[in-house]
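Colleague: Those protein sequence lines, which keep their order, are chains A and B. With our numbering applied, the first sequence corresponds to residues -18 to 315, in that order. With our numbering applied, the second sequence corresponds to residues 9 to 584, in that order.
These aren't lab readings, by the way, just hints derived from the structure by calculation. Owing to the predicted nature of the structure, the values given are computational and were not obtained by experimental measurement. Hints may contain errors.
[Claimed, not checked] Computed list of lysine to any residue pairs in SDA-like fashion (alpha-carbon distance at most 25 angstroms, straight line):
1) A:224 to A:310
2) A:303 to B:221
3) B:58 to A:172
4) A:172 to B:464
[Stated by the list, open to error] Pair by pair, the computed Cβ-Cβ distance ranges are:
5) B:91 to A:313: 25 to 33 angstroms
6) A:288 to B:35: 44 to 52 angstroms
7) A:168 to B:92: 22 to 30 angstroms
8) B:201 to A:301: 36 to 44 angstroms
9) A:242 to B:92: 30 to 38 angstroms
10) A:98 to B:91: 54 to 62 angstroms
11) A:56 to B:92: 55 to 63 angstroms
12) B:201 to A:228: 41 to 49 angstroms
13) B:252 to A:308: 46 to 54 angstroms
14) B:301 to A:32: 47 to 55 angstroms
15) A:308 to B:74: 32 to 40 angstroms
16) B:91 to A:288: 53 to 61 angstroms
17) B:231 to A:288: 45 to 53 angstroms
18) B:132 to A:242: 54 to 62 angstroms
We treat Cβ as the ideally placed atom computed from N, Cα and C, and that holds for glycine.
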Amino acid sequence: MKKISLLLFAFVLLGCEAKKPEIPLLIYDMQDAYMFDFEDRIQDAMGEKIMLTTVDGQNSQIIQNEDIDKWINRKVPLLIINPVDRLSVYSIIEKAKKNGTKIIFFNREPLAQDMALYDSVYYVGADAAESAKIQAEIIMELFGNDPQLNELDKNGDGIIQAVILKGEQGHQDAEARTKVVIETLTDAGYKVEVLDISIANFDRQSAKVAMDSLIATHGQKIEVVISNNDAMALGAIESLSEKGYFVDANNDGKIDRSSEVWIPVIGIDGLDMAMEKINTGYLYGTVFNDSQNMAEAIVELAQLLISGEDISDFSFTITDKKYIWINYKKITNQ
Amino acid sequence: MLSRFKDLSIGHAIFLVTTTIVGVIMLLSTTLTYQLIFARTDELIESTSKEINKQVVMNYENYLSNVINTSNSLQKYILDLTKANEVSNLENLFMATLNIERNIENIALFDLSGNRIVSSTGETIADDIISRSWFIEARNNVDIHHFSSSHIEDVVVNGTTEVFSVSRSIYYYEEGIQKEGVLLIDIDTRNLKALAAQTNLGNQGHIIITNQGNELIYSSLPECTTDVCESARIANDIVLGGKLVTLDNMAMFANVNTIKYTRWNIATFINVNDITNSKTDTLYRIVLIFLGTLIAIAISSAVFSMRISKPMNKLKEHIHLIQEGDFDTMVQVEGQREVVVLADAFNSMSNRIKELMQRVLKEQVEKRKTHFVALQNQINPHFLYNTLDSIVWLSENNRNKDVEKAIIALSKFFRMSISDQMSTVQLKDEVEHVRNYLLIQQIRYQHSFKFEFDINPDVEHNFVLKLSLQPLVENAIIHGIRPEESFTKILIKGFQKDGFTIIEVYNEGYGMTQQRIDEIQAMIRGEKESVSMGLKNVYQRLRLYYGLDADLYIESELDEYTKVTMKIPIGREAQL
């Protein structure tokens, strides 16, 4: 009898050892190029230690809710969530709190009042306002760091005529970036005329269509295209190239700004494709959302939370016991 | 247990074993089936309910997204039109929107002090706008739309419509300067009701919409009017996800979900009572089938075991009867084929036993008779007198040697006659007996006949029926001696042929006609009344003892000879 129970105990131990903790990584929409890249980085950073199962929310909070309910019922210790609707997360937090499940939110920031509902909830992300400030810095550089502007002020009126490609209406990042980029420029003494704000839902194809109509309306008046993200910037470049705002006269696949026709387009995120476009001169600049660093922060935090170790060992700075802010980097071809 | 089992009758054992095995198997299989059906029903309830819930949520999301889109486009126009100082156009836009979106009760733009900038209504506006929760919320979170709980429209002084308010902080221009304000859209709640009515949630199925503070926004259940009603309490308890609950003794599947961008929760209560009831029905049905089958199996196994055990018991009783010596009653059984065959075999066995017993009895009787006849003959006073007379005559003639011989023969003869009870003797003993008899008869008949034995040594040790030869010889003396001829010869031959011991008694008498032979033969076989007991008795004993192979027959030629032949199968004792 004793032997049998020992044997059983050994099996249990072995079983425990063999089984890696399985944690869901809930992405709001895997169709989103940025999130697709980001998911890859998180999986790479996680390595073999934890089995991370990616769950696609298909841009539906209903689907994500169902998945969250399922995973909480499976008694996982931790959920890593990129929410579809950041306003709906209070229910998710309440549910997790009730079941003692820890949560790391990332990329889409819940309301502060929701974050305050539960101690074991964290947010890893970049401050949207920060990205817009850096984007404004790029624009200032573009115009010679001088409120009087340089030769890129095509009509010479001393005012920057800009069109803005905005992400989803009501989306925190879209709202913040749109607002802050103009504010930063204005605060620095630049005069900005926003010719139009087109909502293109962070989507490349929508941005191309939006840009087509912006060109039709404003045409040569446009001095700069400010985009809430790279995907939309790439869509805009596609449209602008078709309409002759970029002319690769020597057909070397590159735009030489001193000799060829171009128009400044500035994005945010630092997608691989955007980096390429910066190298070829089509995209003036972008604000690199350091997703690699963010992925590493998420993975390290996840491991700490699962093992129950002290959060004070965490190599990233935690603000207000809940927030891990990752800095942006300015990227241009200059 | 096992010993107790052994004590059971065959019928009970069959009944018990069959019923137990079938019962256990049935119990297992029905339990499994039932669990399977249940699990699948539960799965079905859950997945169906969740699908319905999704549909309902999507309907609401679509509707409320529309509201948000309206708000978003209004914001853009507010910026454009206030910048261009076209406030009157903005008012027209608000009115137009009201006409397009029939559910919108009121659109208004306020500055941060709660003063109206533009509104779709010309009515008097309440003066404490900044204390309204929708105003405060919109200022608390400037990035998002705020969806209020339903209330009587309170922007105008004497509003009557039940509305919910969508509000948010927005930018507008006043004399070229960008300012912040609050946009309010009051929406009639009737569309929330209409959407609830679109989906069939079953009897008493309903929808409850609450906000983050668990305040009731809308309930399609008339009796649920506050956030403390049972449905709201359940929704609050679930937080998010689905669960089977009981409401008013009805099984409901409750699903709680969020409505995108609104910070509202929606709980659908779908009546699954019918399905749950059908689950109970299924349980009853399964139990009924189980019990029915079990009873059927019990009855049929009882009948079947009775068909085996009943004839067995009858047979058993019959064996008791036979033990007590009653061979006459035949056992009559009905039942399984094997048992009937067994009973038939048993009947024929008891018949055969009865037959054999009767035969043994008959044989005993015949043997006694033979003994009796032989003794009668031998102790026949006439025989004794004649013999003694002959001995007297011998003695008178001083033939002392012969006297001695005669007396020895007589004594040997009698000793053999009364000796042990064995049925058979070796042929040589039987021959010795007959020799003594002949010696005595020779003296009696004063040597008027001769006799001769020709016994093959091969057959000397073969067994023959005791006292079976003497009647034959006696017969030869009586019928075979011709007084006119001296020295008539009696020849006794013994030899072996074709597996038989053949004994022939041959005399040179007058012989017989074939007609006479047939007559005698018939008498011997008991077909006719007989006068001569001797031959008949021998014949019957032969048949009894050896069966149909044994025989006794007469051959004769008139004036020449008569031969009686006895045929005994070798090595075959009694043909029992």
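Colleague: All hints, please: hold or fail.
Modeller: Checked hints:
1. A:224 to A:310: violated (31 angstroms)
2. A:303 to B:221: holds (23 angstroms)
3. B:58 to A:172: This hinted pair is violated, its Cα atoms lying about 53 angstroms apart.
4. A:172 to B:464: violated (162 angstroms)
5. B:91 to A:313: 25 to 33 angstroms: At 32 angstroms between Cβs, range holds.
6. A:288 to B:35: 44 to 52 angstroms: holds (48 angstroms)
7. A:168 to B:92: 22 to 30 angstroms: Cβ of residue 168 (chain A) to Cβ of residue 92 (chain B): about 25 angstroms, so the range 22 to 30 angstroms holds.
8. B:201 to A:301: 36 to 44 angstroms: holds (42 angstroms)
9. A:242 to B:92: 30 to 38 angstroms: holds (33 angstroms)
10. A:98 to B:91: 54 to 62 angstroms: violated (40 angstroms)
11. A:56 to B:92: 55 to 63 angstroms: holds (59 angstroms)
12. B:201 to A:228: 41 to 49 angstroms: This hint is violated: roughly 59 angstroms between Cβ atoms.
13. B:252 to A:308: 46 to 54 angstroms: holds (49 angstroms)
14. B:301 to A:32: 47 to 55 angstroms: holds (49 angstroms)
15. A:308 to B:74: 32 to 40 angstroms: holds (39 angstroms)
16. B:91 to A:288: 53 to 61 angstroms: Between residue 91 (chain B) and residue 288 (chain A), where Cβ atoms are some 56 angstroms apart, the hint holds.
17. B:231 to A:288: 45 to 53 angstroms: holds (50 angstroms)
18. B:132 to A:242: 54 to 62 angstroms: For residue 132 (chain B) and residue 242 (chain A) the Cβ distance comes to about 59 angstroms; the hint holds.
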